[in-house]
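Q: If you want the building blocks of each chain, they are given just below.
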Amino acid sequence: MNGRRLIIQTAMILVGIVFLGKLFAIQVADSKYAYKAERISRRKVIEYPHRGLIFDRNNQLLVHNNPQYDLLVVPRNVRNLDTTRFCSLFEITREEFNKKMRSFRSYPYRPHTFLTKISHQRFAEIQDFLVDFEGFSVTARTVRAYPHPVMANAFGYISEISQEQLTADKASEKYYQQGDHLGQSGIERFYEEELRGKRGVSYKIKNAKEVVIGAYENGKYDTLAIPGQNLISTIDIDLQLYAEKLMAGKVGSVVAIEPSTGEILCMVSAPSYDPNLLTGKNYSDNFLEISNDTLKPFFNRPLMAMYPPGSMFKTIQALIAMQEGVLRPNEQIYCDGTLIGDHAPNGYYDVRKGIKLSSNNYFFKVFKRIIQQGEDPSPFIDSRSGLRKWKNYIDAFGLGRAPNIDLPSAKAGNIPGVADYDKIYGENRWKFSNIYSLSIGQGEVLVTPIQMANLGAILANRGHYYDPHIIKSIGESGEAKQAYLQKHEVGIDAVHFESVIDGMEEVVQAGSGLRAKVPNIAICGKTSTVENPHGYDHSGFMAFAPKDNPQIAIAVYVENAGWGGRAAASIAGLIIEKYINGEVSRKWIEDFAIKGEFIY
Amino acid sequence: MRRQENIVNQIDWLTIFLYLILVLWGWLNIYAAVHDDTNNNSIFDLSINSGRQLIFIGASFIPIMVIMIIDFKFYDTFAYIFYGVTIVMLLVVLVLARDVSGARAWIDIGAFKLQPSEFAKAATALAVARTIASSTFKMEKLKNQMLLFAIIGLPTVLIILQDDVGTAMVYAIFLVVFYREGMSPILLIAGIVVATLFVLTLFIDNLYLTLTLGGLALLIALYFALAKKKIRVAFIAVGIGVSMVLVVLGTDFFINEVLQPHQRSRINTLVDPEADEKGAGYHVSNSKIAIGSGGFSGKGFLAGTQTAGGYVPEQSTDFIFATIGEEYGWLGSLIMIGLFITLLLRIIFIAERQKWRFARVYGYCVACILFFHFGVNIGMTIGLFPVIGIPLPFFSYGGSSLLGFTALLFILLKLDAHRKQVLIR
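Chains A and B are the protein sequences, given in the same order.
Going by my numbering, 300 is the number at position 300 of the first sequence; the sequence numbering is gapless.
Going by my numbering, 1419 is the number at position 419 of the second sequence; the sequence numbering is gapless.
Just chain B, same shape as in the assembly (with noise of 0.2 angstroms):
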């Protein structure tokens, strides 16, 4: 009894209200996507999205149970073998699963679809504070390095052979939470040019892009190699304006050679929305016409044209957005955003509290996660980044990944709850 009433007063009660007010909300969105005049259903009806996403909602409550019930040091322990067990079910998908819109990300138990990936975050986010939290691990030695980068990586393969980059391209956002544990900020900074001459080389022509950064370069290796007689500086130079070059060039060569067709117009549509708003343009013209004509104040709850009109694809799950950019507004999407960010600084928050570190790597890998999915959806959903089919936490429709987020949250709040037991430690 003591330990009961120990976890519902140490509990952090402000994140899961943030997490019930996400839920609930994401839950009557879901209802105004698939909402039909024209039927009529119930928002409780079983055969729309909105009665299963209930039946979600409530199934997540057994696993925030277990979760609340199972000593926490369970999660370190078994972290590897959570680790080894969806290593294995993004084997075995990879060999059973069939095709679903293009990727191949299911396994079939009875009638429920399982999607590993979305389990797989938090199975490598509990192997990766794991790894770090060990008392021999240091983020200066190499091999520590690439060990966490063998960790993000393997799952991020398995996921991109089941042709779902979207996913993949999550456990890259891991880099953020190595640079809070100590790593050099370099990579994230190369990260972060590759990515910006990534989009350069999108809208500029290569031959100036090329001709640019390659003459600054040289510019300023001369500089350093004539004024201050730095010839090192001006090596370092010139290997950077070559490295960028092939950057661009191989970016080049990534997006004609490398991508597939609906990937390449993904990105295209991204540079010029307005090109083809009929076929690859289509989703985001559509989710950006649904959400810019909410206007300020929205058109209010089941009111939203184009959401009851079916114009947005997927709107219940990857473009759940757009129902509130139409049906709430800019208030609404203020508010949305408000208590997201919110959500995400709450978790820093947790985690920075933690005197165990296990815990805290584990609060930054649930933030960065988070965060991650964030971006990208609401982003892809107003044309601010190409189209990947990632869905909203908490807020898009579906089981895998609702039950995944919450358990990826819970354990969080878990061992949060027991943060003061540790400092026995």
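Just chain A, same shape as in the assembly (with noise of 0.2 angstroms):
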């Protein structure tokens, strides 16, 4: 009988070594139950931080966080449903509820999100009602909310991350995950990382009814959420308020700078639209709607729309010619109407007279002066040197390039170079006589209306600048951005700033930009009229007060509203009176402005 008992003690020792091996396939050998150990009971869980708040300059809160509420429901946890009841409050039909209901139906322990971007007020309403809906529950998002319905191109919006950027962001910084929301245009996007902070994440153990029951690996892999920063605006909230008002009802732009510092206090695209319509429930609908909208709202018109510079031009080249030496500002010169067509009479001009009378012969004798200074024989060969010294004048004066500014998408514009006209007639086979238009301002050159702004700033300085930015601090520490404090010269002594600014004086005082004019004021500005073969001229004015110690410089357009002296000078005249005195006392500029009947 021993040999049976040896069999019977030989199988159950087998059986311990089929099983062992069988564990060992299991546990060592295969690691597909460890991950499907940890996909069924680990949850990771985001805390998305605070995003950063924006404030004005005089600290009023222009972008805050509102809370959003999502409806979950656990479909396991329902009893005792008012259906009827539940569906009233929700304004939801039976069928969509079933519906619904239905399509959670295989995971009945896990919470569905039921509802979403339910407002504020509309959660209020229904809060006490919840309580009654065993099984469902709210949680809170937060979505951008702004106390002031403008500057929504300068704020920019927030949506889901694309599928581009997530591919972009997958390749570089790999933050972001499908679903995640991020600034897409505006300070929202330039300051993204800033406003975004850190997102935390946690992982957390749930049992088998989803409900967690403690950290995964005492939190080990969890990381903390980081609040955004807030940032502090350049904009005076309540400049900004009422440079809206004035351009209330018409297309164009606005912006203006603190010339000692590049800070923009004010900056208008118009039309605009309400930036309260791109958060919560109804984006895509509103979204469609401003993008099919025939303005384009969506064109932020201060940094993207390129206009001939006009007469404003005529600042530059007066400065640019005495800098040269071949032009004195005292200087008698006769224009009659020959050379170019002209509004201003004949007689003698010196650069102060031919500022304020904006004569276009003057000017065009003063760039000749510059392109053609006699240094070769051949005007052809004169004609290129004089323009490279010109343009290289005009890039200190940060045209013909985009704005170092903490806004995206901002414009160049185009001054035109040597190359340029090389291309369009052919190497020495141009001089002075086919690029004179650009004397005063048209033909091939394009500014933006914050190009304009910041000149207004360089004649302000008499002769830097700095670059114009729209946040001053960030965070806590309230410093400013290293980059906007460094001064950038333009080459032209302050000296010959006088005879220009003298003449800007006289252009608001008895000239075509009297509209602009405020008593107590000492406003220098300059109109232009920008020729538009399209329709109705663009108005446009620069500017910047006052004389002494500048405290603001200014670009208005307005598009199709004819001679830059009307709507673009009044506008410009009220936003400085405004910043400047606080008040507007004159209200019947005011009310020409808002009434926006330029054209008679």
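Keep in mind the hints are simulated off the structure, nothing from the lab.
Be careful, since some hints might not be right.
[Unchecked claim] Distance condition first, Cα-Cα at most 20 angstroms in a straight line; then the derived SDA-like pairs of lysine to any residue:
| hint | chain 1 | residue 1 | chain 2 | residue 2 |
| --- | --- | --- | --- | --- |
| 1 | A | K209 | B | D1036 |
| 2 | A | K117 | A | E164 |
| 3 | A | K32 | B | F1296 |
| 4 | A | K204 | B | F1301 |
| 5 | A | K22 | B | L1384 |
| 6 | A | K170 | A | P149 |
| 7 | A | K391 | A | K423 |
| 8 | A | K204 | B | D1036 |
| 9 | A | K209 | B | N1040 |
| 10 | A | K22 | B | I1267 |
| 11 | A | K22 | B | G1383 |
| 12 | A | K587 | A | K36 |
| 13 | A | K220 | B | F1301 |
| 14 | A | K32 | B | L1384 |
| 15 | A | K32 | B | G1383 |
| 16 | A | K36 | B | G1310 |
| 17 | A | K44 | B | G1310 |
| 18 | B | K1355 | A | V326 |
| 19 | A | K36 | B | S1297 |
| 20 | A | K204 | B | I1335 |
| 21 | B | K1355 | A | R4 |
| 22 | B | K1138 | A | R4 |
| 23 | A | K204 | B | E1314 |
| 24 | A | K209 | B | E1314 |
| 25 | A | K22 | B | N1040 |
| 26 | A | K22 | B | G1338 |
| 27 | A | K22 | B | F1296 |
| 28 | A | K209 | B | N1041 |
| 29 | A | K22 | B | I1335 |
| 30 | A | K100 | A | K117 |
| 31 | A | K36 | B | F1296 |
[Unchecked claim] Partial chain B-side listing against chain A, Cβ under 10 angstroms, derived:
| hint | residue |
| --- | --- |
| 32 | Y1311 |
| 33 | W1330 |
| 34 | C1368 |
[As the list claims (entries may be wrong)] Quick list of simulated restraints, FRET-style, between CB atoms:
| hint | chain 1 | residue 1 | chain 2 | residue 2 | range |
| --- | --- | --- | --- | --- | --- |
| 35 | B | F1044 | A | R79 | 30 to 38 angstroms |
| 36 | A | V28 | B | L1142 | 48 to 56 angstroms |
| 37 | A | R39 | B | I1236 | 34 to 42 angstroms |
Cβ atoms here follow ideal geometry from the backbone N, Cα and C, with glycine treated the same way.
Make the complex out of the two chains shown on their own, each in a separate frame, by following the hints.
A: Structure, rendered in structure tokens:
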């Protein structure tokens, strides 16, 4: 019988060995089960940090976060539901309700999103009834909110990350995930990293009923959310609101800059839209409607609209000529309307009078002196070197290139150079007579409103500027961005500015910019009537004030509003008055500007 | 006093040591299985299974003491009485008991629920030992064999009537004891062949299987009939072939027509565990995930995510091994299986050193019952065996189960402690 004992013992040991072999296979050799376990029992919880707020230069709130609610349901926990009441409260039909509940049937213990983007107001209405609906709960998220419905393009909007953005992010920072929201334009996009903070991730262990029962690996892999930083804007919201009021119903731009710092005081892109439209529930519908608007409210005109500068450009021409030594400020030059069409009367002109009366023929001659300095007997070769010198100055004024502004999508405009004319006419086959329209800011030259506002700042500063920017400081420290403390010289001696500035003062006191005149403020300005082949001319005005210790430089464009002296000068004058005096005394000008009937 | 000392000296402390380790480790595992970080119950909390199991562990000392005090000849003398009482209790269960998870197996005694089928195993073992040990018993006699089959058949039928097929299957293991005591191995071999065919039927198309088996039998029969001229052997071969085909067809009929849907799906799960992870395969697939995720050295005590999350159903009872697999890994499983095999071999060693046949047969019964539970229980948790709700001895939560196995084991230790006195007889 000992043999049978052995057989029985062997069988027992064999079973043990088979078990250990099988266990080895599933525990050690195969990692599939460990992976499955993690997938089943681990839940990644993402904590989205508070997005940074934006304040104006006087600490008034411009952009903040509003709670928004999602209604969740755990189907297994729904008991004794009064479906009729539920449906009427949430404004859905019985069919929709049944369809949604059916789609959750596979995972009855898991929370499912039943409704999204319930507004704060709506939530307040239904909050008290929620207790009656067992199994339903709400989670809060935040969306942007704007106390003042202005500056939509400057702030920009936030939306869900696109597939392309996700792909791009995967190749670089690897921060975003499907479904994340991020700034798509404006400040929201430019300062995305500062505003968003850093999201926190924690891994939880959940039980079979989807309830979290603890931290995974004692939170070894968890990270804390870092809240986004607040931004202090350079904008003066009161001035902004006033400028918006003046621009209502018009198409165009206003940009005002503090010359001593480059800080943008107000920036209007008209027409605009209420930024609150692109938050919350109706984002998609509203977005479509705004993008289909023929007046293109998404087109950020102060940075993107390009116009020929027109007469504003004459200030630069005079400065370059004087710096080049080809023009003395008091030199009397006789001009009649023979060279180029002109509104100015015949007579002797100096810099001051040329600016004041905006004489086209005077600046034709000034520009000719810059371009053809007589260095070479060939007018073709002479014009080449002249234009090259001229363009170097223009570059220093920040024209022909995108401004170093803290907003995306700013346009460069266009300043034609030697290469451009070579391309048009062929090398050495063009001279001054081909390019003379540049002298009065027409022709191939294009600028943006912000570049002209910056020109105002350069004139105000008598030869230097700071990059225009819309954010003063970031976060708690309140420190200014280093890049925006950098002073840029334009290479024109301060002394040359006086005659130009005197002329600009007279433009407002007794010239085409009379509507900008404010009794106790010395405003220096220059009108532009931008030739528009498609319709009425665009009205433009560039100015700074006061003449001594300037506090504001401004450029205003109103499209299809005719002479620069009417629409643009009125609006610029009012904004300057509002900013410096704090209130506007000239109601008739205000009414004129708001009424907006500039063509008569 | 002398007698007491005698017991302390003679008792097999190694077995008691193994028993204590298994019971205490089992208790810790029960705590891990019911433990929940969110409410943080103490292991002693009587509202959870671990607290109650501790009471059962304490309570099991009462039968241990009683068994140690009662005269060792008592079990021989009263074997049939015990057997008779448990059979009556099984009958009472059938009449009175109420449904507990599909099986009717409980009797309420005050606050406690008694599960007679857990004690029937020990009683049947005593009855089998008594029968085989009787001086007139001869294994060769068909009448005696029939008596043995009747002894194990009666409780089997009653337990099947309780709808607890798993527990009923345990009685099949007595065949191994009979085999040890001289029964022809043919029955065992036939059993193994039937089991193999059963499994083959699950995996292979019936048509191919019957054709192959029938063809093979026919070839062998022809070989013996024509080449060797042994007609009788050829007939036997044909007979075996026909029986095997019948088994296959019978199995098919059994699975599709006789088994209840939940039993059928358990068997299907064994064939393809991934097929229905949310339904019938839920127990096994989650048990395997828990065990498989334990890795080599496990996640640590109370650190098993699947165990803590309650993903494995009935984890403190039938699926307790999932806790070991997850929290102690392969190494822990090795220790656990090693402990169990050591215990089984020790019991066989104890059985073999008995001079008294009653004690030896009883010892084998204990080893085989424990082995069956061990094999089937762990086999089902790792997907080697269909899900059959039988507990893992000493480990699984449950008072009746723990008390039943404790009594089963300690009766043997009591008999063993007196093995030298038996010589006199």
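Q: Evaluate each hint against the coordinates.
A: Against the structure, the hints:
no.: 1; hint: A/K209 with B/D1036; result: holds, 13 angstroms
no.: 2; hint: A/K117 with A/E164; result: violated, 25 angstroms
no.: 3; hint: A/K32 with B/F1296; result: holds, 14 angstroms
no.: 4; hint: A/K204 with B/F1301; result: holds, 18 angstroms
no.: 5; hint: A/K22 with B/L1384; result: holds, 9 angstroms
no.: 6; hint: A/K170 with A/P149; result: violated, 35 angstroms
no.: 7; hint: A/K391 with A/K423; result: holds, 17 angstroms
no.: 8; hint: A/K204 with B/D1036; result: holds, 14 angstroms
no.: 9; hint: A/K209 with B/N1040; result: holds, 17 angstroms
no.: 10; hint: A/K22 with B/I1267; result: holds, 19 angstroms
no.: 11; hint: A/K22 with B/G1383; result: holds, 9 angstroms
no.: 12; hint: A/K587 with A/K36; result: violated, 75 angstroms
no.: 13; hint: A/K220 with B/F1301; result: holds, 18 angstroms
no.: 14; hint: A/K32 with B/L1384; result: holds, 18 angstroms
no.: 15; hint: A/K32 with B/G1383; result: holds, 15 angstroms
no.: 16; hint: A/K36 with B/G1310; result: holds, 15 angstroms
no.: 17; hint: A/K44 with B/G1310; result: holds, 19 angstroms
no.: 18; hint: B/K1355 with A/V326; result: violated, 134 angstroms
no.: 19; hint: A/K36 with B/S1297; result: holds, 18 angstroms
no.: 20; hint: A/K204 with B/I1335; result: violated, 31 angstroms
no.: 21; hint: B/K1355 with A/R4; result: holds, 17 angstroms
no.: 22; hint: B/K1138 with A/R4; result: holds, 18 angstroms
no.: 23; hint: A/K204 with B/E1314; result: violated, 23 angstroms
no.: 24; hint: A/K209 with B/E1314; result: holds, 15 angstroms
no.: 25; hint: A/K22 with B/N1040; result: violated, 34 angstroms
no.: 26; hint: A/K22 with B/G1338; result: holds, 15 angstroms
no.: 27; hint: A/K22 with B/F1296; result: holds, 13 angstroms
no.: 28; hint: A/K209 with B/N1041; result: holds, 19 angstroms
no.: 29; hint: A/K22 with B/I1335; result: holds, 15 angstroms
no.: 30; hint: A/K100 with A/K117; result: holds, 16 angstroms
no.: 31; hint: A/K36 with B/F1296; result: holds, 16 angstroms
no.: 32; hint: Y1311; result: holds, 5 angstroms
no.: 33; hint: W1330; result: holds, 4 angstroms
no.: 34; hint: C1368; result: holds, 8 angstroms
no.: 35; hint: B/F1044 with A/R79: 30 to 38 angstroms; result: holds, 35 angstroms
no.: 36; hint: A/V28 with B/L1142: 48 to 56 angstroms; result: holds, 51 angstroms
no.: 37; hint: A/R39 with B/I1236: 34 to 42 angstroms; result: violated, 56 angstroms
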